[in-house]
Amino acid sequence: MRTDEEAMCQVRTHDDHHEFERLVARWEQPIRRLCVRMTGDIHRGEDLKQETFVRLFEKRKDYQPSAKFSTFLWRIALNLCYDELRQQNRRREFLVAESESQAERAAPEAVAETPGPDARAVAAEEGELVRNALLRLPDIYRAVLVLRHYEDMKLAKIAEVLEIPEGTVNSRMAEALARLSRILEPRLKPVALKPQPIPMIAPKESCVL
Amino acid sequence: MKHPEREEWVPFIFGESDNERRQNLKLHLEQCAECREEIQSWQRSLSRLDSWRVPRASKAPLNFVPLVKWAAAAGVVLLIGFGLGWTIAGRVDARNIRVAVEGEMRAELAQIARDEAAKTASVAISAFSQRIETRRAADNRVIFAVLERIETQHTTDCLALKKDLDTLALNADAGLRYAEEQFVQLADSTHPAPVQP
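Line order of the protein sequences matches chains A and B. Taken in order, the first sequence gives residues 26 to 234; the numbers are from my numbering. Taken in order, the second sequence gives residues 307 to 503; the numbers are from my numbering.
Don't read these hints as lab results, they were simulated from the structure. Just so we're clear, the structure is a prediction, and the values are computed from it rather than from any experiment. Just to be clear, a hint being listed does not mean it is correct.
Stated by the list, open to error - Which chain B residues stay away from chain A? Per the calculated CB distances, all over 12 Å, these:
#, residue
1, W348
2, S353
3, D445
Unchecked claim - 16 Å max Cα-Cα, derived EDC-like pairs, lysine to aspartate or glutamate:
#, chain 1, residue 1, chain 2, residue 2
4, A, K179, B, E313
5, A, K84, A, D41
6, A, K84, A, E30
7, A, K86, A, E151
8, A, K179, B, D445
9, A, K179, B, E486
10, A, K179, A, E191
11, A, K84, A, D40
12, A, K93, A, E30
To be verified - Looking from chain B toward chain A, a few residues come up when the C-beta cut is under 10 Å (computed):
#, residue
13, E313
14, R350
15, R362
16, E408
17, F434
18, N446
19, F450
20, A451
21, E454
Heads up, the beta-carbon is just placed ideally off N, CA and C, and yes, glycines get one too.
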């Protein structure tokens with residue numbers, strides 16, 4: 026079985042549709058997740074995923090065989106997300122403000138009605154708060170957070186995809202976490218964490234890199 | 307106490323620090339409540355991120371049975387509609403339809419004619435008032451030109467009159483001076499000058 030790089034080379038040199046289909050099947054879920062997390066919208070994320078693979082095929086001649094395929098693909102997807110976010114920035118801000126105010130109105134009731142809460146509804150509400158909080162972050166901070174936390178990408182790899190120094194990734198991540206905490210901490214019920222020692226986040230099994 | 311830079315914590319919380327660095331940071335956390343609080347807050351936020359789940363895209367195969375049912379239902383409805391239309395069409399009285407439609411159409415035509423007449427009158431009035439305005443502007447231009455000419459003539463006349471008056475004044479002045487000299491000479495000849503002692 027060919028590696029992604031070999032498959033992409035086949036696509037590049039022979040327009041091999043079977044290899045391209047294989048690449049799509051292999052990567053469509055991670056790319057879809059990224060696009061959904063970046064835009065905060067499942068349908069738009071789905072569209073962006075499609076656009077990413079269309080763009081990948083269009084840019085197949087630009088692919089350098091020595092380069093890592095995943096980096097090439099993530100970059101295309103992220104650039105499309107950035108373009109989309111730029112275009113929809115005003116509309117998105119309005120929607121976030123709207124849903125936030127709705128969430129703010131709904132939150133006290135949910136807390137007050139804690140006797141016998143529907144666990145799934147509570148989880149969905151918390152998920153919505155997290156989604157809104159992430160959407161409030163500037164794109165560059167959201168990107169590092171999404172790539173590291175949800176896609177389990179190493180910090181060095183994030184630097185490679187974003188074409189920035191690793192130190193910049195770290196400072197963006199620190200800023201992202203600080204901002205996220207400022208948004209989430211007052212809104213959510215405290216999570217039981219042992220004060221000592223500091224719990225380390227167990228690195229997820231690397232599935233895409 | 308010297309705190310580590312904020313970005314130094316990032317590899318630490320994601321488990322990407324080397325051993326030595328990790329030990330140093332852990333030691334610092336044990337001693338520094340401020341950093342401990344901040345890093346715990348980051349950890350809490352990260353753990354909450356998982357509550358936002360993105361459902362997998364479903365790839366449900368198309369089920370053709372409901373489609374066939376719906377297509378059959380639509381066919382039946384179309385057939386019934388077509389049959390009804392066919393039976394009703396045979397009984398339609400053209401005269402009744404014409405009577406019913408005629409009055410409405412007349413009213414509509416009259417309204418259209420009225421609208422057209424009003425539009426034409428409005429256009430004519432507008433053109434007429436424009437012509438009047440043009441004529442008035444031309445008249446104004448003529449009047450201003452005549453007035454300007456009269457004013458110029460008046461200024462010229464005033465200047466000529468002033469010049470004549472100046473000449474007259476000079477002549478009168480010279481005459482008076484001459485008369486005065488004549489009077490002096492006459493007085494001298496009538497009364498000889500007294501002899502000096």
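Hinted contact R350/B with chain A - closest CB pair below 10 Å: At about 5 Å, which falls below the 10 Å cut-off, the nearest Cβ of chain A leaves the hint on R350/B intact, so it holds.
Proposed interface contact between N446/B and chain A, which counts if any beta carbon pair is under 10 Å: violated, 55 Å
Outside-interface status for D445/B - nearest CB in chain A farther than 12 Å: holds, 58 Å
Distance restraint between K179/A and E486/B, which requires alpha-carbon spacing of 16 Å or less: violated, 128 Å
16 Å Cα cutoff - pair K84/A, E30/A: Measuring from Cα to Cα gives roughly 14 Å; hence the hint holds.
Restraint check, 10 Å cut-off on beta carbons, for E454/B near chain A: violated, 62 Å
A451/B as chain A interface residue, shortest Cβ-Cβ below 10 Å: Check failed: Cβ of A451/B comes no nearer than 61 Å to chain A, outside 10 Å.
Restraint check for K179/A with E313/B, where alpha carbons must lie at most 16 Å apart: holds, 15 Å
Hint consistency between K84/A and D41/A [alpha-carbon to alpha-carbon, up to 16 Å]: Distance ~14 Å between K84/A and D41/A Cα, so the pair holds.
Restraint satisfaction for R362/B [CB to CB of chain A, less than 10 Å]: Since chain A brings a Cβ to about 7 Å from R362/B, closer than 10 Å, the hint holds.
Restraint outcome when F434/B is required to lie within 10 Å of chain A by C-beta distance: Check failed: Cβ of F434/B comes no nearer than 52 Å to chain A, outside 10 Å.
Hint status (Cβ of E313/B to nearest Cβ of chain A, threshold 10 Å): This interface hint holds because 4 Å falls under the 10 Å limit.
The structure does not agree with the numbered hints 1, 2, 7, 8, 9, 16, 17, 18, 19, 20, 21 stated previously, though it agrees with the rest.
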